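Got chain Y sorted already, so can you dock chain F onto it with the hints?
Protein chains: 2
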Amino acid sequence: MFPYKTSIYLDKSVKEPLYLQLSNQLILLIREGQLTSGTKLIGSRQLAELLGIHRKTVVASYEELALQGWVESIPKKGTFVHNNLPNLYQKRKERESVVKEKSGFSFYTSSILKAKKAFKVEEIIYLNDGTSDTRLTPLDEIARTYRRVASKKSTYKHLDYGSTYGNNGLREILVSYLNSTRGLKVAKENLLITRGSQMGMWLSAQLLLKEKDVIVVGTTNYASADITFKNTKATLKRVGVDQCGIQTNEIELLCKTTQIKAVYVTSHHHHPTTVTLSAERRMHLLQLSKKHGFAIIEDDYDYDFNYNHAPILPLASHDTSGNVIYVGSVCKTVAPVFRIGYLIASKDFVDEAAKLRGYIDRQGDALLELTFAEFIKSGDLDRHIRKVLRVYQQRRDLFCKLLKEELGDYFSFEIPKGGMAIWTQLNKKYTWKQVQEEARKHNLEVGDYTRYDMAKTNHNSMRIGFASYTENEIYELINRLKTTMKSITKKL
Amino acid sequence: MFPYKTSIYLDKSVKEPLYLQLSNQLILLIREGQLTSGTKLIGSRQLAELLGIHRKTVVASYEELALQGWVESIPKKGTFVHNNLPNLYQKRKERESVVKEKSGFSFYTSSILKAKKAFKVEEIIYLNDGTSDTRLTPLDEIARTYRRVASKKSTYKHLDYGSTYGNNGLREILVSYLNSTRGLKVAKENLLITRGSQMGMWLSAQLLLKEKDVIVVGTTNYASADITFKNTKATLKRVGVDQCGIQTNEIELLCKTTQIKAVYVTSHHHHPTTVTLSAERRMHLLQLSKKHGFAIIEDDYDYDFNYNHAPILPLASHDTSGNVIYVGSVCKTVAPVFRIGYLIASKDFVDEAAKLRGYIDRQGDALLELTFAEFIKSGDLDRHIRKVLRVYQQRRDLFCKLLKEELGDYFSFEIPKGGMAIWTQLNKKYTWKQVQEEARKHNLEVGDYTRYDMAKTNHNSMRIGFASYTENEIYELINRLKTTMKSITKKL
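Order-wise, the sequence lines are chains Y and F. Here our numbering is used: position 114 in the first sequence is 96, and no number is missing along the way. Here our numbering is used: position 470 in the second sequence is 452, and no number is missing along the way.
Keep in mind the hints are simulated off the structure, nothing from the lab. Among the hints, erroneous ones may be present.
In this list, chains with the same sequence are indistinguishable; a pair is considered to hold if it fits within one copy or across any two.
27 Å max Cα-Cα, derived BS3-like pairs, lysine-lysine [as the list claims (entries may be wrong)]:
1) Lys(-6) / Lys170
2) Lys(-6) / Lys369
3) Lys38 / Lys(-6)
4) Lys369 / Lys135
5) Lys215 / Lys194
6) Lys272 / Lys219
7) Lys399 / Lys38
8) Lys192 / Lys212
9) Lys215 / Lys423
10) Lys212 / Lys383
11) Lys438 / Lys410
12) Lys329 / Lys59
13) Lys423 / Lys411
14) Lys410 / Lys192
15) Lys192 / Lys215
16) Lys219 / Lys22
17) Lys386 / Lys194
18) Lys194 / Lys(-6)
19) Lys194 / Lys212
20) Lys192 / Lys219
21) Lys59 / Lys(-3)
22) Lys273 / Lys194
23) Lys134 / Lys369
24) Lys415 / Lys(-3)
25) Lys415 / Lys167
26) Lys58 / Lys135
27) Lys329 / Lys468
28) Lys58 / Lys386
Predicted, not measured: the structure shown is a model, and the values here were computed from it.
Chain Y on its own, in the form it takes in the complex (with noise of 0.2 Å):
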């Protein structure tokens, strides 16, 4: 007879039920091949016996086999497994999770880069990107409006499938709020909310790129737009970035020999450079878009974060025929986790747009969207912006101040005039490659440098971010920086 007894395992501490427990581990050795096709079941009397169970456990154990397809039951016979199952002897795996690591069929890998691993020791300073100050967060108050608007009667309507260009009041208020800050005119028509910038960028670049498409990027750009961007199997045509932004002059030039299907731009504030695109460069542009018919992917990631003058109103403020797709988010105003962002354009790209979005992930988070509508409405968006506003600006400002003071000899910048980020070129005697090396001696975690410099133009520069440092960190930081570049300076 078949060892039954030692083949299962019941265990009558866990919440699933004996008698599925039962016939699960009965499917088991029948898919592995244990209990063959046409095997005659034990009794059920006898196995109830065997395994210290109640008779009426197994009855009901088989029942489920019989229900699912895996036996047969003959009356006055017996129990048989079902005689149409295909073999399929594996040998018996071990009961606890494994990673499975390969896959049994072959799929397409791509350029995208993998994030890289963080570092987890609790002490170490890592630099960043320029991303925001994340225990700034208004969550207490998110949190309650979040809480607040699910207790409405009103909102059980909301929690069904809902539109893919997101929730309506959202998209009310955002153009509202967004016409007014930034100058646009546009309606609510021209306007899809989606999870943050990166989304608004994927769509754009699946609605305009294949191959053989041309797209045109600063020569320093921001490495993820490039990625997105070359996933498509587009081509990235780059021109050349200075103190007024990208050349607008070389895109004219390229438009002479080929046709252009879009150009991005972080006009606000250059990514990386931090540099502002000129009123002069940016009319240029949009009259080259016009001219020649491609899109302006005009990614205004930092629009908020200007410490010197009023934030510069957007290309797409000026955009008359239609030729800028504006994305932009609060990720980086209120928090990343917040992944509430929103792509503006002509009606015909919006709606294409939304359809697409319906296929990648069906639509957004309308209770999110409904909180971040009060939030808007009730101006706590706007008061939130104010006072990291400040913070921030003192922040840049010790940063910098500490950075020429302690650092002038290693680093070259410019006080960046907005934004969180600074664009520092390391003196050519060193390499960020031993910077890098030397600071993790220091608990200092440089990261991935090489993104700055994708088309390998040998700049030798990077951003640091301030804006997520409190002064204490500041300090420190720029003191373990210095320990480093004095470490690397006497090893020369």
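Relative to chain Y, chain F alone:
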């Protein structure tokens, strides 16, 4: 002199500071070519008088324009519109927001279907595809948990950019929950948290399919899946579906002539026909996938809803060779608004999917993910499932009873063993188009019946959800449907 007074309108009642209103309107006048390059602006004292505002406001405004590069201040000479601005004469548009209709560039449109517009009248009863009753959502518990999670000190670290795989805590809890409820034996590394099943399908399609690749689906199939796959330009091959589910013999035949990249199955309850894939075919399909190296995309969209017996373990629980990609979500179980799903596969595939999702929407919502980790851990999810299961079973029984008794002449169907919908065949004397048109007169909206027959086999069936209606609503729905059918019959 330029008519400043009549060209500029300042509104003291709005939030935007006066100096900004002024500078933004001057920018508008410049870019519209009304103030051309080289023009000397009127003196600040004079403009202040004209507009009835303080001179300091005008000065601040001119400084703003200079900082933004629109004008140049020449000491003792005055303020001049910058010389290098390209002329971009445009007709002045109205200041109100207007819908921008047309893009100034070309982009790719897709075969993706646009979501149908819903009717607006409250009293209409809408048939649906088998959605849950959002009125049963434990929204208050979830919102309370959300706020509790947000109030924890340790939560701050989750507000920053996080893992593209999803929150680690939820991954661990989901893996153990799915291992115990679905007989899986996978590790955290095999699970990617997605925004619902749709994102799992989208990611799988992107990684598996390119032009000319072949994916197999049922003759009748979930329309969103069809469209998601078609959008990759892959070729869909259809095989029959009968009472035992998708016909694996046809797949075996197909394998002899064609290299198959993937097979899409809704094994638990086939969408749309609700039949369960038999044990025999399950083993056969697994065997084929192993032999021919194709992927099985198993969409287990309504695992939790079984009325006649315990849920049948998914194909993924029998997969030892890494051929199954298992996608599911809590969207049907809790509410569609909570976009939390999972993709389970071998680590190599999950890693690639996580990279890709990083460029689609960067990451999930860690706060919501932490909330659901609590919701599962506390047993609230289980309690919720037990509760709605009882309710839905009663609704199924009533719906089927009435459909048979009252409308047996018009519709035939099998009582579904699980899920939230009935596969309903209309008597061939009638068409769904007739039913749709007549039903509208009786405040009953049938919806898009064509999506159940993407392959155009004229089966004359559609899927009708029962779970979202209370007993009273079911009576009313059947009533309206009966009136509809009688009206049509009279006219025949």
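Okay, the hints, checked on the actual structure:
no., hint, result
1, Lys(-6) / Lys170, "between (58 Å within a copy, 25 Å between copies)"
2, Lys(-6) / Lys369, "between (57 Å within a copy, 24 Å between copies)"
3, Lys38 / Lys(-6), "within (16 Å within a copy, 81 Å between copies)"
4, Lys369 / Lys135, "between (34 Å within a copy, 21 Å between copies)"
5, Lys215 / Lys194, "both (7 Å within a copy, 17 Å between copies)"
6, Lys272 / Lys219, "within (19 Å within a copy, 44 Å between copies)"
7, Lys399 / Lys38, "between (77 Å within a copy, 23 Å between copies)"
8, Lys192 / Lys212, "both (10 Å within a copy, 16 Å between copies)"
9, Lys215 / Lys423, "neither (40 Å within a copy, 51 Å between copies)"
10, Lys212 / Lys383, "neither (38 Å within a copy, 57 Å between copies)"
11, Lys438 / Lys410, "within (15 Å within a copy, 68 Å between copies)"
12, Lys329 / Lys59, "neither (70 Å within a copy, 46 Å between copies)"
13, Lys423 / Lys411, "within (20 Å within a copy, 81 Å between copies)"
14, Lys410 / Lys192, "neither (39 Å within a copy, 45 Å between copies)"
15, Lys192 / Lys215, "both (6 Å within a copy, 13 Å between copies)"
16, Lys219 / Lys22, "neither (71 Å within a copy, 39 Å between copies)"
17, Lys386 / Lys194, "neither (45 Å within a copy, 58 Å between copies)"
18, Lys194 / Lys(-6), "neither (62 Å within a copy, 52 Å between copies)"
19, Lys194 / Lys212, "both (11 Å within a copy, 22 Å between copies)"
20, Lys192 / Lys219, "both (14 Å within a copy, 25 Å between copies)"
21, Lys59 / Lys(-3), "neither (34 Å within a copy, 86 Å between copies)"
22, Lys273 / Lys194, "within (21 Å within a copy, 37 Å between copies)"
23, Lys134 / Lys369, "between (30 Å within a copy, 23 Å between copies)"
24, Lys415 / Lys(-3), "neither (53 Å within a copy, 49 Å between copies)"
25, Lys415 / Lys167, "neither (47 Å within a copy, 42 Å between copies)"
26, Lys58 / Lys135, "neither (59 Å within a copy, 65 Å between copies)"
27, Lys329 / Lys468, "neither (57 Å within a copy, 43 Å between copies)"
28, Lys58 / Lys386, "neither (93 Å within a copy, 35 Å between copies)"
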